[in-house]
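A.B. asks: Protein chains in written order, with the UniProt record's numbering: chain A, 1 to 342; chain B, 1 to 745; chain C, 1 to 174.
If you're looking for bench data, these hints aren't it; they were derived computationally from the structure.
Do not take every clue at face value.
[Stated by the list, open to error] Below, a sample of chain B positions facing chain A; criterion: calculated Cβ distance under 8 Å:
1) E80
2) Y126
3) R580
4) E618
5) L619
6) G620
7) V672
8) N673
9) E678
10) L680
11) V683
12) A685
The model shown is predicted, which means the values in this text are computed figures rather than measured ones.
Glycine included, each C-beta is placed from N, C-alpha and C at the ideal position.
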Amino acid sequence: MRPITYLRATDTATAVAAVSTDPTSDFLAGGTTEVDLLRQDVLNPRRLVDINDLPLAGIEGTPEGGLRIGALARMSEVAAAPVVRERFPLIAQALELGASAQLRNMASMGGNLLQRVRCSYFRDAESPCNKRDPGTGCSAIEGFSRGHAVLGTSEHCIATHPSDVAVALVALDARVHTLGPNGERTHAIDDFFLLPGDSPHREHPLEHGELITAIEVPAAPVARHSLYLKVRDRESYEFALVSVAAALSVMDGTIAEVRVALGGVATKPWRARRAEDFLVGATVRRDDFAMAARVELADARPTPMNAFKVELAQRAIIRALDMLSDGTGTGPAPRPGIGSPS
Amino acid sequence: MTATIPSAIGQPLDRVDGPAKVSGSARYSAEIPLPAMAYAYVVGSRIAAGRVTGIDTSAALAEEGVLAVLTQQTLPKIAEQPPLVPSLAGTAAPGQTFFPMQDDTVHYAGQPIALVVADTWERAQYAARLLRVSYAETPPVTTLDQGRDLSYEPERIFGGWIPGRIERGNVEAGLREADVRVEGTYTYAANNHNPIEPSCTTAQWDGDNLLLYDATQGVNATQMTVSRLLGVPMSKIRVIGHYAGGSFGCKAMIHAHPTLAAMAARAVGRPVKLVLTREQMFTSVGHREEQEQHLTLGATRDGRLTAIRHHKLSPTSHFDDWAEPSVGVSSQIYACPHYEGVYRLFRANTMTPTFMRAPGEASGMYALECALDELAHELGIDPIELRLRNHTDVDAMTGLPWSSSGLKECYERGAQRFGWAGRDPRPGSRRDGNWLIGTGMATACYPVAPLANPQRARARLYADGTAVVQAATPDFGTGVATVMTQVAADGLGLSVDRCRFENGDTDLPNIAAAVGSAGAGMISAAVHSAATALRSQLIRSAVGDPGSPLHGADPVDVVVRDGVMTAGTASESYSDLLRRTFQPDVEAAGQWNPPAHDIPYATMTFGAQFAEVAVDAELGLVRVRRMTGAFAPGRVLNPKTARSQLMGGMLWGLGQALLEANHMQPDTGRWVNASLGEYLVPVNADAPDVDVELIEVEDDIVNPLGVKGVGEIGQVGAAAAIANAVHHATGRRVRKLPIMIEDLL
Amino acid sequence: MSTPGPALTQPGTARAERGPGPVRVRLSVNGTEHTLDIEPRVSLLDALRERLDLTGAKRGCDQGTCGACTVWVDGRRVLACLTLAMSCEGHEITTVEGLSQDGEPHPMQQAFVEQDAFQCGYCTPGQIMSAVALIAEGHAGDDAEIKEWMSGNICRCAAYPHIRAAIRAVRDQT
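Using the sequences and the hints given, assemble the complete structure.
C.D. replies: Now the structure itself:
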């Protein structure tokens with residue numbers, strides 16, 4: 001880890017000013033990405049501005065039935081908040097299926113959205129990587145790509161977005177509030193994550209020093225009947241190979257409203273709009289779930305090593321919708337994941 | 001021989017080092033505070049093949065706190081290159097015959113090419129990043145696909161201990177006689193030990209004398225290896241290693257880092273702490289090699305084996321012929337007239353692979369026991385019944401009887417506890433919601449390793465009736481300090497709370513590195529020998545002493561319990577004897593000479609493994625619901641610690657069956673997943689409850705207490721039982737480990 | 001949990017930029033205040049292990065992937081390897097060395113010994129810090145919950161079933 005200086009910020013405006021005026025400064029919140037990648041030499045800030053004392057940790061339900069989550073609220077706090085569990089089970093589940101209890105106590109919600117990819121070439125400071133060192137090439141495309149993305153990829157980057165909760169938030173049309181050198185801004189969450197295209201180093205439409213202050217989740221009654229399904233090799237403490245955030249509302253055997261987003265398979269948290277469009281108005285039938293899943297993955301561009309994800313993602317979508325339609329996926333706090341079979 | 005009243009051996013005594021470990025006060029080898037400590041960081045080669053053409057150290061040396069940068073130019077040459085010999089032999093055991101930074105050649109990625117020493121860990125680590133290294137790179141060979149056509153049949157493997165080809169009868173003839181043949185290629189991913197404590201050494205010179213604190217399975221092995229490499233006499237090197245935070249084989253050989261730490265400490269004139277990073281643990285301490293095994297079984301319609309052909313292909317380093325002996329036990333444990341086992345190796349850009357828990361048996365028995373399951377399925381014979389039909393009471397290779405077995409009882413008791421009876425053999429016949437349920441079993445076996453050199457211990461009794469028993473061995477989680485306390489207590493006739501076992505220091509009597517499940521057997525033999533020698537000595541003193549109530553008694557009639565010697569109605573305590581005779585303490589040494597290698601017995605530990613899995617066939621997930629293992633490890637010194645080790649071994653089998661794989665990138669020759677985030681080992685949620693059944697068998701051949709060891713047998717066969725259960729659940733025969741989601745979609 | 005020492009609500013000069021060379025940092029660990037001169041890049045783990053000689057928290061990966069460095073900051077379990085020591089000024093740190101009270105081992109420490117919930121012992125302090133926190137969090141309801149919420153602590157010896165047994169034992173006695 002390179003030598004760094006440390007500044008503890010006491011108010012938000014000062015923090016933003018400190019970082020935005022210095023290209024070599026980074027914010028430090030939970031530290032679970034920043035400290036890790038500093039030690040790996042992947043991030044090289046000269047100065048860390050510790051924002052943990054800023055008053056941005058609130059978690060509130062809005063009167064309209066939505067949610068406002070302070071950027072410094074910890075993953076564990078959000079997951080445990082009754083209002084989250086009641087109104088948005090998929091958020092609570094996505095959080096509790098991520099990382100470990102210790103990391104969830106550390107990682108902030110804002111930091112979660114900004115966490116960097118787990119691509120081993122990105123994390124190795126010396127491998128060619130367009131995301132880390134623009135123009136050096138992508139080592140993953142011809143390399144070990146089992147965990148990499150099949151949707152939203154480009155010839156410059158196929159790294160999978162690692163967040164779980166962002167998948168749930170994308171399904172819920174959340175909004176990301178920021179404070180930057182030019183004042184406050186609000187980003188629709190789908191626009192908050194950029195596809196790699198030819199500039200994979202640019203992951204968010206943020207200016208340097210622009211700080212996430214809050215995440216707002218609009219009211220969505222459909223979310224009360226929702227789940228987060230995470231598929232991975234290990235039963236816990238692993239990033240998703242495929243995940244599905246889904247919410248379903250059925251009226252008279254017909255799908256009235258549905259939300260589907262995918263994790264583990266795309267370069268950004270992936271809202272499955274094609275699947276949703278197919279499903280709205282459809283009957284609650286496995287065949288229709290399968291068709292919706294097929295439509296969503298139609299454009300997938302896998303490598304030989306991750307081709308299985310195309311099939312796995314479809315099966316996971318079907319399973320998630322099955323669970324929601326037969327009732328096994330409801331409730332505020334099911335045991336995380338599809339869990340142990342016993 | 002005086003009568004012994006065993007009372008401590010066989011008791012489930014809590015670990016004597018438990019309080020230190022749970023309180024955080026146990027000091028591991030990177031936790032020794034020394035004044036003016038410096039920190040060494042190993043810099044590994046980025047390339048896997050070629051040469052280092054230059055290292056610019058200027059930026060690193062300019063960093064605050066940097067004390068030295070050692071490279072091929074500045075690192076001392078080694079005094080002598082010891083040969084590659086397993087550390088169990090009780091000699092120097094360098095892990096590979098190559099020592100880094102002696103010339104500019106790069107043989108494998110991660111090979112040490114520089115050593116940065118600074119006054120803090122952070123500074124050393126950062127300065128290491130500032131080295132500018134230039135290379136001349138040549139294309140590496142690392143994978144089976146790259147090396148298949150380059151392979152050769154080695155004359156001997158495993159440090160020269162094992163022949164490269166084992167044959168009996170005529171395997172072609174045996175296959176022609178067969179009514180049924182099954183044949184398959186089984187691959188086993190490269191694995192890494194990944195103990196949670198990374199390898200580490202703290203080195204301190206005092207003039208010409210070197211003190212090392214080393215995380216090792218054998219402090220004497222470290223001492224001998226470093227002595228040979230540095231050319232420093234044994235008498236001037238002391239190695240302490242009270243605890244090691246797990247090893248599983250990666251601390252069994254003495255890899256380069258203890259010697260490098262000593263060199264660094266000499267270079268900077270300060271004590272040096274060298275701790276490998278997690279990433280370096282994948283390239284510095286050996287690994288289980290990637291391997292492909294081809295199994296052909298021939299059998300009669302009623303399930304009698306007529307032929308076993310077992311071939312293995314694996315990469316080794318450019319300097320050593322190493323393969324873990326996957327082929328050996330398949331020649332021994334089933335009656336079968338015709339056998340052919342062959343190793344093929346190819347030179348690869350890797351360090352020499354090394355022992356990893358059940359080295360050879362884990363992989364070999366995976367292949368053999370899966371092939372047998374295929375045969376059972378093919379013949380419509382129950383898998384246990386098939387094994388019973390091929391059971392042998394003698395080593396099928398040598399014809400020598402087992403010194404003890406218990407295998408049939410393991411099948412029987414294991415099956416009973418697991419609930420094997422009445423199993424519907426049809427694949428896919430059980431379902432629980434989305435989960436397909438399957439069960440599988442396998443035989444476990446692990447050789448009782450032959451030992452080469454005498455094992456020694458020392459016992460001291462104080463006049464207050466307490467005792468210290470000493471041997472050099474470290475405790476890396478086996479519970480050796482606990483069970484040796486029990487062995488010492490019984491040998492001396494004391495209660496365990498009056499005995500302390502002192503260990504982990506080369507100033508104590510020499511013990512070979514505790515590897516190959518041999519630790520409990522050989523150390524207990526030495527401790528028992530020392531303790532009983534001291535007891536005999538004390539009894540002799542008493543009966544020969546006119547002042548003792550026992551004077552004149554026949555030593556054979558004297559029994560000792562709780563420190564009191566009794567013969568008939570006369571008795572005297574050890575304490576009274578020593579105090580009366582003005583002896584503050586009394587000592588005896590004990591030595592055990594292992595049996596000769598030409599004893600008319602074959603020695604093997606046996607067991608039986610059972611697993612139940614649930615497979616979500618749609619999502620490709622496999623979760624192990626429960627495991628049962630029945631094992632016959634000779635005498636069990638402490639059922640509590642023994643069960644723990646066996647349970648750990650079984651869950652290791654789970655890890656290798658379903659999760660663990662080092663992935664090699666062919667074009668760079670680097671492991672791509674060298675972290676605990678990506679090399680997946682089981683977490684708590686993966687581990688089901690495990691049922692361990694201990695079947696004690698008497699064995700008066702292997703060692704005085706009949707201990708056959710529990711370190712590795714728990715793992716052998718566990719992966720096969722799981723793979724066989726996956727087949728039973730799904731009908732899919734996945735002939736590779738780990739079995740991953742994509743294999744089952 | 002150990003009794004907190006005097007509150008460090010004043011981070012001193014924390015509001016000024018500090019470093020990159022060694023700076024004076026005040027840490028409250030197990031109720032005792034320590035002053036040390038460290039570079040801002042020093043992790044809490046290295047501050048504990050290399051500067052304060054509190055080696056109970058272990059370094060297994062330095063990457064947040066093993067849990068061996070688990071300690072509590074303000075009573076919550078976190079990973080010391082990914083925490084900068086300086087960011088802990090004003091907060092109370094508890095390590096395994098601070099778990100016993102009046103020289104008596106914590107019931108969880110005792111249960112780990114009784115259930116043989118470890119072998120090599122290297123992950124054990126982290127397991128224990130997680131296990132005690134787990135019960136306090138209310139996540140020890142059943143085995144499935146314990147499994148999931150203890151999965152951030154890798155035990156390579158795979159003592160997991162016994163770790164669960166130790167947690168159950170303490171849960172059921174409190």
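A.B. asks: Compare the structure with each hint and give your call.
C.D. replies: Verification of the supplied hints:
1. E80: 35 Å, violated
2. Y126: 6 Å, holds
3. R580: Violated, about 60 Å.
4. E618: 5 Å, holds
5. L619: 5 Å, holds
6. G620: 7 Å, holds
7. V672: Check passed: Cβ of V672/B comes within 4 Å of chain A, closer than 8 Å.
8. N673: Holds. Min distance 6 Å.
9. E678: With a closest approach of 6 Å, the E678/B hint holds.
10. L680: 5 Å, holds
11. V683: OK, holds: V683/B within 8 Å of chain A, min 5 Å.
12. A685: This hint holds: A685/B lies near chain A, its Cβ roughly 4 Å from the closest one there, short of 8 Å.
In summary, the numbered hints that this structure violates are 1, 3.
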